[in-house]
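Participant: One letter stands for each residue in the lines below.
There are 2 protein chains.
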Amino acid sequence: MADEVQQTPKRGRRPGGTDTRAALLAAAREVFSEQGYDGATVRAIAARAGVDAAMVNHWFGGKDALFGEAVLQLPFNPKEIIAHLLEGGVDDLGSRIIRTFLTNWDVQGGGVFAALIRSVAAHEQVAHALRDFFLKNVFAQLAGTVADDRPELRANLVASQMIGLGVVRYVAKFDPLAESDVETLVRAIGPNVQRYLTGALD
Amino acid sequence: MADEVQQTPKRGRRPGGTDTRAALLAAAREVFSEQGYDGATVRAIAARAGVDAAMVNHWFGGKDALFGEAVLQLPFNPKEIIAHLLEGGVDDLGSRIIRTFLTNWDVQGGGVFAALIRSVAAHEQVAHALRDFFLKNVFAQLAGTVADDRPELRANLVASQMIGLGVVRYVAKFDPLAESDVETLVRAIGPNVQRYLTGALD
Numbered sequence: 001m002a003d004e005v006q007q008t009p010k011r012g013r014r015p016g017g018t019d020t021r022a023a024l025l026a027a028a029r030e031v032f033s034e035q036g037y038d039g040a041t042v043r044a045i046a047a048r049a050g051v052d053a054a055m056v057n058h059w060f061g062g063k064d065a066l067f068g069e070a071v072l073q074l075p076f077n078p079k080e081i082i083a084h085l086l087e088g089g090v091d092d093l094g095s096r097i098i099r100t101f102l103t104n105w106d107v108q109g110g111g112v113f114a115a116l117i118r119s120v121a122a123h124e125q126v127a128h129a130l131r132d133f134f135l136k137n138v139f140a141q142l143a144g145t146v147a148d149d150r151p152e153l154r155a156n157l158v159a160s161q162m163i164g165l166g167v168v169r170y171v172a173k174f175d176p177l178a179e180s181d182v183e184t185l186v187r188a189i190g191p192n193v194q195r196y197l198t199g200a201l202d
Numbered sequence: 203m204a205d206e207v208q209q210t211p212k213r214g215r216r217p218g219g220t221d222t223r224a225a226l227l228a229a230a231r232e233v234f235s236e237q238g239y240d241g242a243t244v245r246a247i248a249a250r251a252g253v254d255a256a257m258v259n260h261w262f263g264g265k266d267a268l269f270g271e272a273v274l275q276l277p278f279n280p281k282e283i284i285a286h287l288l289e290g291g292v293d294d295l296g297s298r299i300i301r302t303f304l305t306n307w308d309v310q311g312g313g314v315f316a317a318l319i320r321s322v323a324a325h326e327q328v329a330h331a332l333r334d335f336f337l338k339n340v341f342a343q344l345a346g347t348v349a350d351d352r353p354e355l356r357a358n359l360v361a362s363q364m365i366g367l368g369v370v371r372y373v374a375k376f377d378p379l380a381e382s383d384v385e386t387l388v389r390a391i392g393p394n395v396q397r398y399l400t401g402a403l404d
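The listed protein sequences derive, respectively, from chains A and B.
In terms of my numbering, the first sequence is residues 1 to 202.
In terms of my numbering, the second sequence is residues 203 to 404.
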């Protein structure tokens, strides 16, 4: 099922192949969540993955790129999630976006989201990564497929609602939104996201 | 006009009266914006205001309370802004919220918003202050006045949209939302905020 999150690979010392890459991604998600962008060192991430620190440069080119792929893209592959979201049709897309994101974020306990927000406020390059992964690869693709006009603004508007939802539910933990069940929020927020994608904005 | 922001008081050494309080608030806004919550010291804020550091405890009780009042409440007094927002009637309230907040935030250049987001991700007590000032004093008051049901959830939903809007416009600076004029965003977002306040959520 496309709604399922990817399993964290088992740890342990690995050869220099593609499972090293997967182990580094899993370790990076954990260490960035625990330490934030600044606190997470390449050395600590490599140690968590059980590989040499040089593997980070080999597979990702550096800490920024590893952060982008591990944290911002998580917990899904953009191409897969877009295909999944679109295959249900356009009319209910807003509700499907809320359901899919909250289901995945809830599994993470919001730790990754907190790391993202903490980092984006402090680092210009993380804002760029957020644009690339979260906006360009997901919401801009969706808006470009379903919107009649101004897909870029629509993608920005959807992102504003999704980011604010994440901050309120996982970081600021406002009550009752932080404790509301997913389907309550799907009904409350889904139509607003739908309007951003396909409604009249004037 | 209620939409006007308060002017920053002139600096200089002051007596221990209420203008010391105003000077500390103005200095705190500047120093928190520049340094974030952690980096901003009570000593630096007092020095910027031209008063003794003991005045912070005298007037605010400490750094947390000064942050809450200076940064989270800024650029408005909650009671004044609620009266201003409500006096235009309920039907157009969502649009009036967007117009009023963006007009005030734009004047600040978003620096205060970035400081807020940076701080709320790192400090549990700042999340509490955000709840008290931004949610309880503003959006919960509005929702409690105009909503037929579930005013607390509605206030949370409005807050999620406003916080996400601030992050996207001032912190992550997504294009084109960061450069859109206020009235374009009033038309795009106002109806969504209105639905959160007075629409059907099921």
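Treat the hints with caution; some may be incorrect.
[Said to hold, decoys possible] Label-pair restraints from in silico Cβ distances:
(1) A:V182 to B:P280: 53 to 63 angstroms
(2) A:D149 to B:D294: 51 to 61 angstroms
(3) B:A267 to A:E34: 28 to 38 angstroms
(4) A:A54 to B:D351: 37 to 47 angstroms
(5) A:T41 to B:G241: 17 to 27 angstroms
(6) A:G39 to B:R352: 37 to 47 angstroms
(7) B:N259 to A:A53: 44 to 54 angstroms
(8) A:T198 to B:R245: 47 to 57 angstroms
(9) B:H286 to A:A54: 52 to 62 angstroms
(10) B:P280 to A:G39: 30 to 40 angstroms
(11) B:A249 to A:T198: 31 to 41 angstroms
(12) B:Q237 to A:N57: 42 to 52 angstroms
(13) A:L86 to B:A224: 52 to 62 angstroms
Calculated from the structure, these hints are not laboratory results.
Where a beta carbon is used, it is the ideal one built from N, C-alpha and C, also for glycine.
Participant: State for each hint whether it applies.
Facilitator: Tested hints:
For V182 of chain A and P280 of chain B, the Cβ-Cβ distance of about 32 angstroms falls outside the hinted range of 53 to 63 angstroms, so the restraint is violated. At roughly 24 angstroms, the beta-carbon separation of D149 of chain A and D294 of chain B lies outside the given 51 to 61 angstroms, and the hint is violated. Evaluation of the 28 to 38 angstroms hint for A267 of chain B and E34 of chain A yields a pass: the beta carbon distance comes to about 30 angstroms. Checking the proposed 37 to 47 angstroms range against A54 of chain A and D351 of chain B shows it is violated: the Cβ atoms sit about 59 angstroms from each other.
About 21 angstroms separates the C-beta atoms of T41 of chain A and G241 of chain B, a value consistent with the hinted range of 17 to 27 angstroms. One distance hint, 37 to 47 angstroms for the beta-carbon pair G39 of chain A and R352 of chain B, holds here, with the actual separation near 39 angstroms. The hinted range of 44 to 54 angstroms is satisfied by N259 of chain B and A53 of chain A, whose Cβ atoms lie roughly 46 angstroms apart. Judged by the Cβ atoms, the range 47 to 57 angstroms given for T198 of chain A and R245 of chain B holds: they are separated by roughly 54 angstroms.
In this structure, H286 of chain B and A54 of chain A meet the distance hint of 52 to 62 angstroms, their C-beta atoms being roughly 59 angstroms apart. Taking the beta carbon of each, P280 of chain B and G39 of chain A are about 35 angstroms apart, inside 30 to 40 angstroms as hinted. Checked against the given bound of 31 to 41 angstroms, the beta carbons of A249 of chain B and T198 of chain A, roughly 54 angstroms apart, lie outside it. Between Q237 of chain B and N57 of chain A, the C-beta spacing of about 33 angstroms breaks the proposed range 42 to 52 angstroms.
As the Cβ distance of L86 of chain A to A224 of chain B is approximately 54 angstroms, the hint placing it in 52 to 62 angstroms holds.
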